[in-house]
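S.K.: Residue numbers (the working numbering), protein chains in the order written: chain A, 1 to 213; chain B, 1 to 213.
Hints are not guaranteed to be accurate.
Claimed, not checked - Simulated pairs of lysine to any residue, SDA-like, Cα-Cα distance not exceeding 25 Å:
| no. | chain 1 | residue 1 | chain 2 | residue 2 |
| --- | --- | --- | --- | --- |
| 1 | B | K150 | B | I167 |
| 2 | A | K156 | B | V210 |
| 3 | A | K156 | B | L179 |
| 4 | B | K150 | B | R130 |
| 5 | B | K21 | A | S184 |
| 6 | A | K204 | B | L124 |
Note that these hints are calculated values from the structure, not bench results.
If you want the building blocks of each chain, they are given just below.
Protein chains: 2
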Amino acid sequence: MPKLFILSAPSGTGKTTIAAKVLESLSGIRRVITATTRQPRPGEVNGRDYIFLSEEEFKGMMEKGEFLEYACVYGNYYGTPKSQVEENAKNGVDSLLVIDVQGAFEVKRQMPDAISVFLLPPSLEELERRIANRGFVDDNVKERLRIAKKEIPCAKKFDYVIINDFIDKAVECLKAVVLASRCSSERLEESQRALDSEVVSLIKGGECYVKET
Amino acid sequence: MPKLFILSAPSGTGKTTIAAKVLESLSGIRRVITATTRQPRPGEVNGRDYIFLSEEEFKGMMEKGEFLEYACVYGNYYGTPKSQVEENAKNGVDSLLVIDVQGAFEVKRQMPDAISVFLLPPSLEELERRIANRGFVDDNVKERLRIAKKEIPCAKKFDYVIINDFIDKAVECLKAVVLASRCSSERLEESQRALDSEVVSLIKGGECYVKET
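In isolation and in its complexed conformation, chain A is listed as follows (with noise of 0.2 Å):
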């Protein structure tokens, strides 16, 4: 079964662009867009940066538990549509989730067999940099060093830790988490394409002679 990959981080961090360049230069996996009722800002498309919703249709997907998680913030919604991460992997497509730390562990929590991802800032002061250098005039930086700070202790409980010091470093450190997963022993079946029946059917059939002891 293809997987979910969580990729999450304290804010400024730099998680949206580790997960474009990975989405760049590896085939196979697609980002879950997340769906929310606040307005689009200028530059960004319904579909592919969020899904734009009215409060309405929001609440009836929320009500028909079609969201792995959701949450309010600031009194606008953000959800994660289920449908995204199953129709992925019906296509045998890995999904890509990038996420807030509270988001991940409700994720996590629907479902165990995601592999979770966080990603650290090599110092306090490079975060507070980055955040700054963001430049969104509603950034509020002190506030959300604050956050981070209380986030940061959160990592040793996400499956993979990636320090974001180089980002070709950080980039291809996620890759290879999900090249890894391609190649664990329970995903065997999805590379049976490149193996010859026989192969196969002693994969599948046959009894391993060698005793475990």
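Mind docking chain B on chain A? Use the hints.
M.R.: Quick look at chain B alone, frame taken from chain A:
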């Protein structure tokens, strides 16, 4: 803690080639050199290809429990020295052991934290071709194929299974397994040099504020 990676496969699948290429292009990992009582073949170098021992030396190590596993094949002893893996770990270096399937199970039993990787030939025809092309005088192709058919069903008992249909792809996969392991959260301690002390102390001492429910 650095890890021991066990690479195993039916004879002729190409595990030595794959291992060499991974060791060439990845730092922080060293091959575990097998000890043997057999005579060196032309071109083989002591300490590089094998550790060549007298039967007396070998049996002395056996008695002192200095092998992770050992076996006697056609009158010659082969064994995996525990000390190399320990030495590498002490130096912060991962270990890569290339070994037959029986030996892989024995090592995994002794070191359950080791990561086991099975290399699969894409087809039995291809395996036969590879064995024949090696052109060892003493190679009995039919016998090796018979054993391979008994080993291939063991693949699913390994942590990872890599199909060696294209060498570069197989090398990438094994590298991904090693790199992914290095950013698993259980190995976070090893990465702390890349982190500022404030971040380290948050990870170590801080409490994850997020409810996991």
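S.K.: Confirm or reject each hint.
M.R.: Structure-based check of each hint:
no.: 1; hint: K150/B to I167/B; in the structure: holds, 23 Å
no.: 2; hint: K156/A to V210/B; in the structure: holds, 12 Å
no.: 3; hint: K156/A to L179/B; in the structure: holds, 18 Å
no.: 4; hint: K150/B to R130/B; in the structure: holds, 18 Å
no.: 5; hint: K21/B to S184/A; in the structure: holds, 21 Å
no.: 6; hint: K204/A to L124/B; in the structure: holds, 15 Å
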